[in-house]
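Going down the list, the protein sequences come from chains X and L. By the working numbering, the letter at position 109 of the first sequence is numbered 109, and the numbering carries on one by one without gaps. By the working numbering, the letter at position 400 of the second sequence is numbered 400, and the numbering carries on one by one without gaps.
The hints are simulated quantities; they were obtained by calculation from the structure and are not laboratory data. We put the beta carbon where it would ideally sit given N, CA and C, even for glycine. Among the hints, erroneous ones may be present.
Derived lysine-lysine pairs resembling DSSO-like cross-links, with alpha carbons at most 27 Å apart [to be verified]:
#1 X/K128 x L/K319
#2 X/K150 x L/K233
#3 X/K235 x X/K128
#4 X/K150 x L/K350
#5 L/K322 x X/K150
#6 L/K322 x L/K350
#7 L/K350 x L/K319
Examples of chain L residues toward chain X, derived with CB under 7 Å [claimed, not checked]:
#8 G122
#9 H353
#10 V364
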Amino acid sequence: MDAIILQILNGLDKGSAYALIALGLTLIFGTLGVVNFAHGALFMIGAFCAVTLSRILTLSHEVIDETRKDFLGNPLKVDVPYVYDWFGQETGDVIIDWAVPLSILFAIPIMIGIGVIMERGLIRHFYKRPHADQILVTFGLAIVLQEIIKYFYGANPIPTPAPDAFVGSFDFGAAVGMEAGQIIYPYWRLVYFAFAAVVIGAVFAFLQFTTFGMVVRAGMADRETVGLLGINIDKRFTIMFGLAAAVAGLAGVMYTPINSPNYHMGMDFLVLSFVVVVVGGMGSLPGAVLAGFLLGILESFASMREVIDLIPGINQVIIYLVAIIILLTRPRGLMGRKGVMEE
Amino acid sequence: MFGLDKRDTTLLLIVAALVALAPFLLNPFPENSDLAQFNAGYPDLMQRFVIFGIFAIGFNILFGLTGYLSFGHAAFLGVGSYAAVWMFKLLSMNIIPAIVLAVIVAGVFALLIGFISLRRSGIYFSILTLAFAQMSFALAYSVLTPITGGETGLQLALDDPRIIGQQVTEGGNIPVPSLFGLEMRDSAELALGPWLFTFNIGYYVCAIIMLIAFYISIRIFRSPFGMMLRAIKSNQQRLNYTGLNSRPYTLAAFVISGMYAGLAGGLMASMDPLAGAERMFWTASGEVVLMTILGGAGTLIGPILGAGMIKYMENIISKINKTILHEWFYWMPDGLEDAMVSIVYPFIGKGWHLTLGIIFMLVVIFLPGGLVEGGQRIANFFRGRKAAKQEGKGTTEPAE
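Whole structure, please, built from the sequences with the hints as guidance.
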């Protein structure tokens, strides 16, 4: 029982990342009908937003500290971050410590901006072209974005720690009234899961309960008729693209403490996220979320020692295996709508 | 000639001439000159030109003709490499059995994967092939280590049986791959004044095989079978409604292109007898897609051009560094020189992928027919607008 709960918990954080990326992919596919291979790059750019903000916050200038001397007896030069000057040392420390969560505010406008520019500048010229062309051009774009990030930030992973309050683990078993010491779980992963749940809930609420969301859903169902009713659906879809980019970016921002960002992390996630989208059903938002969590949890179950002993190598291939089985037995995916890209 | 019409014969002969004279053509700059770094006439790179040419020709038979975009073709290349290295370990260092087995194994593997993947089309087909390739990669890295050598890759060893051939050379070394005594790494060198030309046996073996592969691909393009594949690309639904089952045709195309990839893998192992799982990684599959599109999918010569261009960029552009850039722009005023260097620098050296990505995007956006279409447009421009109008009509649009 403990082992099962532990594996479900372990699957949650990866599953959250899959679900968030797959949600964005599905939003883009469902609204614009575009297969976006550059979505992983958006996830990666989000992660580098966090890196950038923590670098900006620690920008410092040299100050001569008269009270302390170096070993030659001269006054010591100390690097003082600008935030100390503005907010005082204690507040400054807190701000620097909370760089990753603060990056959320920093990343949202940037990601929406990137998404809108991408859609207006490139993707919209590809609506009428075959899906293969869309895949190819966004694949090229992903390479370009990746190389730009590599040029500015280098090829090595950049560690970006979580705030001190969330470093370390806690005893999940004791918290829910089971035997202590059995289920130990890192705080940040729980934060990530909660964050993902909030973002997913917000996206669904936005689509379900606002007029804007209602128009977008109508547009997803029948774009032409909505256009005939005198609604500028293109403009709304552009905004949805920006929103999808922001969702991917936020997934990246919060993922930085779990896995130090490097320039090719987007591609690694992209391949899996596509599998997730296909398993969930192309164009189905709940399907994407469900499949994301399902595959994340399945993956962590497959990494259990007992399972690996039984079927060697299963942990490496489980996601692809599930995808193959689903595609062949249930071509529409778990929750795919009828008639949406069945062929 | 050879059952080809006049145009195709000319094309085949031109390609044959270019390939045969490649050691001269790729070494246009004298040794020790400033421009010698742009010479591509060394054996290793020339071998890669033709091997990836074969790979791309095969990919083009699938993607160019049927429009099925496979994102997992590198798996067949990897399987072919492993098969060839195993032949070197077990049988002999002769490359013939190695290449034959590589092609057969890759063909069987393609038959299996194709049988399942081709039940879907469009993006689902891409995802399925990608999933299979990634699975093969992951398995080769972990569970199949006894067969694939895992992370270190599959290498030859002194105590391999090699039942037909020689187990150990007289000097006590591992023998090198050969074709009935012709060692693949042997080269003849010709010095003409300041120029130095290298003629490598391995290169010419690969080149002859590539010409055969190219000839077969021309025959496929011109055959009724090729017409059928094109029909699948332009409208599969209509084809099905006429009562034709298109699956055997797509499967045949998939297996043929898998065998081409296996051939390329076998040759790669013959030139350098080791195989690693990274050859199956999905970026390697992406590379062959880039090559085919860049050159021109669906055209005969396009994939070879694309493969040559990407491999040339990979090897030559990535070698340029800051010092060389400063040499190029030395004639400019100082400030301007530095500015030029800092503008160009991100695109060369380690940044060559950026250049590649930008070129690729431009090609997909403005030249969906690749370099071949670019060449045609330029030719039409010089011939005048009338010709352009007539030639522009025969293109087919892939079905959604």
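Are L/K322 and L/K350 close enough, with their CA atoms no more than 27 Å apart?
-> holds (11 Å)
Note to self: Would the hint linking L/K350 and L/K319 be met if the CA-CA limit is 27 Å?
What the structure shows: Holds, at about 8 Å.
Note to self: Run the distance test for X/K150 versus L/K233: straight-line Cα separation, threshold 27 Å.
What the structure shows: Violated, at about 38 Å.
Keeping to a limit of 27 Å between CA atoms, is the pair of X/K128 and L/K319 held or broken?
-> violated (40 Å)
Notebook entry, point to check: Regarding the hint that L/V364 lies at the interface with chain X, is the smallest CB-CB distance below 7 Å?
Noted result: holds (4 Å)
Practice task
Mind checking the CB of L/G122 against every CB in chain X and telling me if the closest is under 7 Å?
Solution key: holds (6 Å)
Quick one, are L/K322 and X/K150 close enough, alpha carbons at most 27 Å? With Cα atoms ~18 Å apart, L/K322 and X/K150 stay inside 27 Å; holds.
Pair hint outcome, X/K235 versus X/K128 [Cα-Cα no greater than 27 Å]: It holds: about 17 Å lies between the C-alpha atoms, which stays within 27 Å.
- Task: Compare the distance between the alpha carbons of X/K150 and L/K350 with 27 Å, and conclude whether the hinted pair is satisfied.
- Result: holds (10 Å)
Any CB of chain X closer than 7 Å to the CB of L/H353? It holds, given that the least Cβ distance between L/H353 and chain X is near 5 Å, below 7 Å.
Consistency with the previously given hints fails for numbers 1, 2, ordered from lowest to highest.
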